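Under the numbering used here, think of the first position of the sequence shown as 502, with each following residue one higher.
Treat the hints with care, since some could be wrong.
[As the list claims (entries may be wrong)] No more than 16 Å apart at the CA atoms, straight line, and that leaves these computed lysine to aspartate or glutamate pairs for EDC-like:
| id | residue 1 | residue 2 |
| --- | --- | --- |
| 1 | 593 | 635 |
| 2 | 596 | 662 |
| 3 | 593 | 638 |
| 4 | 596 | 635 |
[Claimed, not checked] Cβ-Cβ distance ranges computed for the label pairs, FRET-style:
| id | residue 1 | residue 2 | range |
| --- | --- | --- | --- |
| 5 | 585 | 515 | 42 to 52 Å |
| 6 | 622 | 692 | 46 to 56 Å |
| 7 | 515 | 722 | 27 to 37 Å |
| 8 | 581 | 673 | 32 to 42 Å |
| 9 | 597 | 625 | 20 to 30 Å |
| 10 | 582 | 668 | 15 to 25 Å |
| 11 | 666 | 561 | 36 to 46 Å |
| 12 | 662 | 515 | 45 to 55 Å |
| 13 | 720 | 550 | 46 to 56 Å |
| 14 | 673 | 722 | 17 to 27 Å |
| 15 | 606 | 661 | 54 to 64 Å |
| 16 | 668 | 692 | 14 to 24 Å |
| 17 | 719 | 583 | 42 to 52 Å |
| 18 | 553 | 663 | 44 to 54 Å |
These are computed hints drawn from the structure, not numbers from a lab.
In this text the structure is predicted, and so the values were computed from the model without any measurement.
Backbone N, C-alpha and C fix where the C-beta goes; we use that ideal spot for every residue, glycine too.
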Amino acid sequence: MPAHNETPRQDIYSRITNQIIEALEQGVKPWTQPWNAAHAAGHVSRPLRHNGEPYAGINVLTLWASAMSGHYTAPIWMTFRQAIELGGCVRKGEKGSPVVYANAIRRTETDEATGDDVERSIPFLKAYTVFNVEQIDGLPERVHASAQPADNPAQRIAHAETFFAATGADIRHGGDSAYYSPALDYIQMPPFEAFRDAEGYYATLAHEATHWTRHATRLDRDLGRKRFGDAGYAREELVALS
Numbered sequence: 502m503p504a505h506n507e508t509p510r511q512d513i514y515s516r517i518t519n520q521i522i523e524a525l526e527q528g529v530k531p532w533t534q535p536w537n538a539a540h541a542a543g544h545v546s547r548p549l550r551h552n553g554e555p556y557a558g559i560n561v562l563t564l565w566a567s568a569m570s571g572h573y574t575a576p577i578w579m580t581f582r583q584a585i586e587l588g589g590c591v592r593k594g595e596k597g598s599p600v601v602y603a604n605a606i607r608r609t610e611t612d613e614a615t616g617d618d619v620e621r622s623i624p625f626l627k628a629y630t631v632f633n634v635e636q637i638d639g640l641p642e643r644v645h646a647s648a649q650p651a652d653n654p655a656q657r658i659a660h661a662e663t664f665f666a667a668t669g670a671d672i673r674h675g676g677d678s679a680y681y682s683p684a685l686d687y688i689q690m691p692p693f694e695a696f697r698d699a700e701g702y703y704a705t706l707a708h709e710a711t712h713w714t715r716h717a718t719r720l721d722r723d724l725g726r727k728r729f730g731d732a733g734y735a736r737e738e739l740v741a742l743s
């Protein structure tokens, strides 16, 4: 329920804003991801309803961020009821993502000054919750269909390979996320073939390798970072982007 002094529309905007901020605090930057998703329906940056119709407006950003923070590769989302209608069931404990529907209704009212009937357009905003298909069990196989593997035609860049090998960093490949793990001191990268081009792969690897230099056995860089999203995190990201 909205707070006493908060309108339903403000509450919807607050939910979406907080959801995007939460994704950013977790280090999610969906607009910079240069590798491909592995789902037949397309990339998570183009979220789709259960019937294949694409979302629009702010829903694109919020569902894209949700897919990144949840590490989903499927771009398809549906409500709890739609999942049941397709024979599925949302897994217990799964957290849904907010989406909004904006429209207007037309109503005929009597103008108190003139007594004439006047048609007015009254805008409204409705919020509801959807789940990614990877949060749902029992759906038809077609919903989970993976894309046919396609090799990245780009060739590896020899001098870049030599440079990163010389750093001695523990670089692991697999999955659909790129990050540096300070606790375990390794860099995780999606496969080279998943990137749209070689430049995207090496740029991402260089970014994570910069984070790798902060370790106590190397530059021992401590910028006061305590958690994702705080000032120390921002300063560390600026270092990696330099």
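Here's how the hints hold up against the structure:
With a CA separation close to 13 Å, the supplied pair residue 593 and residue 635 stays within the 16 Å bound. Of the supplied pair hints, the one linking residue 596 and residue 662 is violated, its CA atoms being roughly 40 Å apart against a limit of 16 Å. Between residue 593 and residue 638 the alpha-carbon distance is near 10 Å, which keeps this suggested pair within the 16 Å criterion. This hinted pair checks out: residue 596 and residue 635 have alpha carbons roughly 12 Å apart, not beyond 16 Å.
Distance hint check: the CB atoms of residue 585 and residue 515 are about 29 Å apart, inconsistent with the given range 42 to 52 Å. A hinted range of 46 to 56 Å holds for the C-beta pair residue 622 and residue 692, which are about 51 Å apart. Between residue 515 and residue 722 the beta carbon distance is about 36 Å. The supplied range of 27 to 37 Å therefore holds. The hint said 32 to 42 Å for the Cβ distance between residue 581 and residue 673, and at roughly 36 Å that hint holds.
In this structure the supplied range 20 to 30 Å holds for residue 597 paired with residue 625, their Cβ-Cβ distance being about 21 Å. For residue 582 and residue 668, the Cβ-Cβ distance of about 51 Å falls outside the hinted range of 15 to 25 Å, so the restraint is violated. Against the hinted window of 36 to 46 Å, the Cβ-Cβ separation of residue 666 and residue 561 comes to about 39 Å, which satisfies the hint. In this structure the hint that residue 662 and residue 515 lie 45 to 55 Å apart at CB holds, the actual value being about 47 Å.
A C-beta distance of roughly 47 Å is found between residue 720 and residue 550, which places it inside the suggested range of 46 to 56 Å. The hinted window of 17 to 27 Å between residue 673 and residue 722 holds, with their beta carbons roughly 22 Å apart. Checked against the hint of 54 to 64 Å, the pair residue 606 and residue 661 passes, with Cβ atoms roughly 58 Å apart. Between residue 668 and residue 692 the CB atoms are about 20 Å apart, so this pair conforms to the stated range of 14 to 24 Å.
Taking 42 to 52 Å as the suggested C-beta distance range, the pair residue 719 and residue 583 conforms, at roughly 50 Å. Restraint check, residue 553 to residue 663: a C-beta distance of roughly 46 Å satisfies the suggested window 44 to 54 Å.
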